[in-house]
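What follows is each chain in one-letter form.
Number of protein chains: 2
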Amino acid sequence: MTRPLVDRLAIVGAGLIGSSIARAARENHLAGTIVVADRDPSVCGRVRALGFADDVTQSAREAAEGADIVILCVPVGATEAVAAEVGPALKPGAIISDVGSVKGAVLAALAPHVPAHAFLVPAHPVAGTEFSGPDAGFATLFENRWCIVTPPEGTDPAAVERIRMLWRAMGANVEVMSAEHHDLVLAITSHVPHLIAYNIVGTAAHLEETLTSEVIKFSAGGFRDFTRIAASDPTMWRDVFLTNREAVLEMLGRFTEDLSALQRAIRYGDGDALFDHFTRTRAIRRSIIEQGQETPAPDFGRRAVEKQKHEES
Amino acid sequence: MTRPLVDRLAIVGAGLIGSSIARAARENHLAGTIVVADRDPSVCGRVRALGFADDVTQSAREAAEGADIVILCVPVGATEAVAAEVGPALKPGAIISDVGSVKGAVLAALAPHVPAHAFLVPAHPVAGTEFSGPDAGFATLFENRWCIVTPPEGTDPAAVERIRMLWRAMGANVEVMSAEHHDLVLAITSHVPHLIAYNIVGTAAHLEETLTSEVIKFSAGGFRDFTRIAASDPTMWRDVFLTNREAVLEMLGRFTEDLSALQRAIRYGDGDALFDHFTRTRAIRRSIIEQGQETPAPDFGRRAVEKQKHEES
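Top line first, the protein sequences correspond to chains U and W. Letter by letter, the first sequence follows residues 1 to 313 in UniProt numbering. Letter by letter, the second sequence follows residues 1 to 313 in UniProt numbering.
Don't take each hint at face value.
Computed footprint of chain U on chain W; a stretch qualifies when at least three of its residues, placed anywhere within it, have a C-beta under 8 Å from a C-beta of chain U [said to hold, decoys possible]:
# : segment
1 : 45-53
2 : 79-89
3 : 139-150
4 : 179-189
5 : 196-202
6 : 269-277
Calculated directly from the structure, the hints in this document are not laboratory data. Because the structure is a prediction, the values reported are computed rather than measured. Glycine included, C-beta positions come from ideal geometry on N, C-alpha and C.
Work out the full structure, taking the sequences as your base and the hints as a guide.
Below, the structure written as structure tokens:
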């Protein structure tokens, strides 16, 4: 039998991402021992029941002791506190990583707590669903998804390579870039889209009560797709917006400028401007499908799912 | 054998919706004869090849002659011209209907062309995908979807009932309301969401070229979902915004006010306001799932689709 990639893998935080890493590591035999820590005792209980960890503890420090790789899977806002607990427990040569959606703030929160004898290699798997908690995870979550690794300048290339190999082994494609660049790209691909989805669902909720119930009833026309995004974990997203403020505000500024232009075209009946804009956006969609980041199946394969539902009922 | 619901059913415009109606009518034996008209000869050729119509013609007038029910499935902006052509051909007792996403403007465009011996019963099936054209349609598109019927005041109840039965027979749930109310509800459930999706995809396209390519690459974080909506038919959507201007501008005004409040919370680091907002939006999502308008499967069943894709490749 070949030796696993990691002898002792510690995962701190057993939410959607942490529990998916544990499951992927177990299914692909990537670690000799998988230790999962979560400060919430009920989550620890679920992790034990689900059986994807060799060891479960409430103490992040205990999980990190003797670990070769420690991955923090907590909301970005909790990073510093957990790092302060975990840092002193890191053994020589250990690598500490994370999965946060914001990398500049995470780097700043983590760096002071990493001892000189350990390595810091932050990472962000661009994958997820709108569900949270240890039951929501699954081993194939990262398959054919990107994982962006953002090592600070001067990081030992061997440590970066180990994190890259771990994510490759879980099915992800790995890209290395600076934390600053990551935060700018993600602001437009993820953070602003989430904010907008949260916002329009909020606008619908503020309507007169009878109108809101009709919005729910007739949501299939587009609104429904936004509610899925707007059902994501509130703590995680609060922290994303608080910690990637500059890039989010910059991209949001561009978004509202562009929206004003479309609004103006509607007000003054400029059909050509609308048509041109709507035609150009189709090209972006094609590029995404061509790059294998989406299935071209209509409506996200909803037909397949609903057909199945019909057949089951 | 029981007699079909309609002797002669004429469908004008063989796009996604028109071709889906023809397929649904054929599959469920709802019409003695299905006639499809499309002014584009290449579309007529595809309709003949696909074989879901008994008769195919480029002339809307010819299709409408002798028809019991005529359904206009053209962009809202084309309604008036097609109505002027079809109106004089309507036989006594015929019903003319449509599938437009805006109902006030359609009613105004259609009404003057309907002779006194015929009935006008506009309708809007709230269903679709991001694809267009006769190849994109399928017979089950309307199953378990809403169809909103907006008869002008004083319409013969028997005519409304025939349109209701036709949509029921294609699997839709039918709701009757005024055109004005329809346009207000759809502005928030469909029109503004589409505008926002078109807008953010446009914002991404305006970024520096290298950044745009990265947005496409890392689109899985939320942006991708918007590109699907922003790939919808540009002509149809241009017409929607031009003809439902008042309601769209009203809802867009509320949306931008709310967005300013969230933007302000981000700028001033008001985490509680963000958390409260993000928590409330989850409730709307739950209501939609409870009302059977969505599957609770994570990520729209993308997992299932992708797994299948993996297995096929």
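Evaluated hints:
{"no.": "1", "hint": "45-53", "verdict": "violated (count 0)"}
{"no.": "2", "hint": "79-89", "verdict": "violated (count 0)"}
{"no.": "3", "hint": "139-150", "verdict": "holds (count 6)"}
{"no.": "4", "hint": "179-189", "verdict": "holds (count 5)"}
{"no.": "5", "hint": "196-202", "verdict": "holds (count 7)"}
{"no.": "6", "hint": "269-277", "verdict": "holds (count 5)"}
Consistency with the previously given hints fails for numbers 1 and 2, ordered from lowest to highest.
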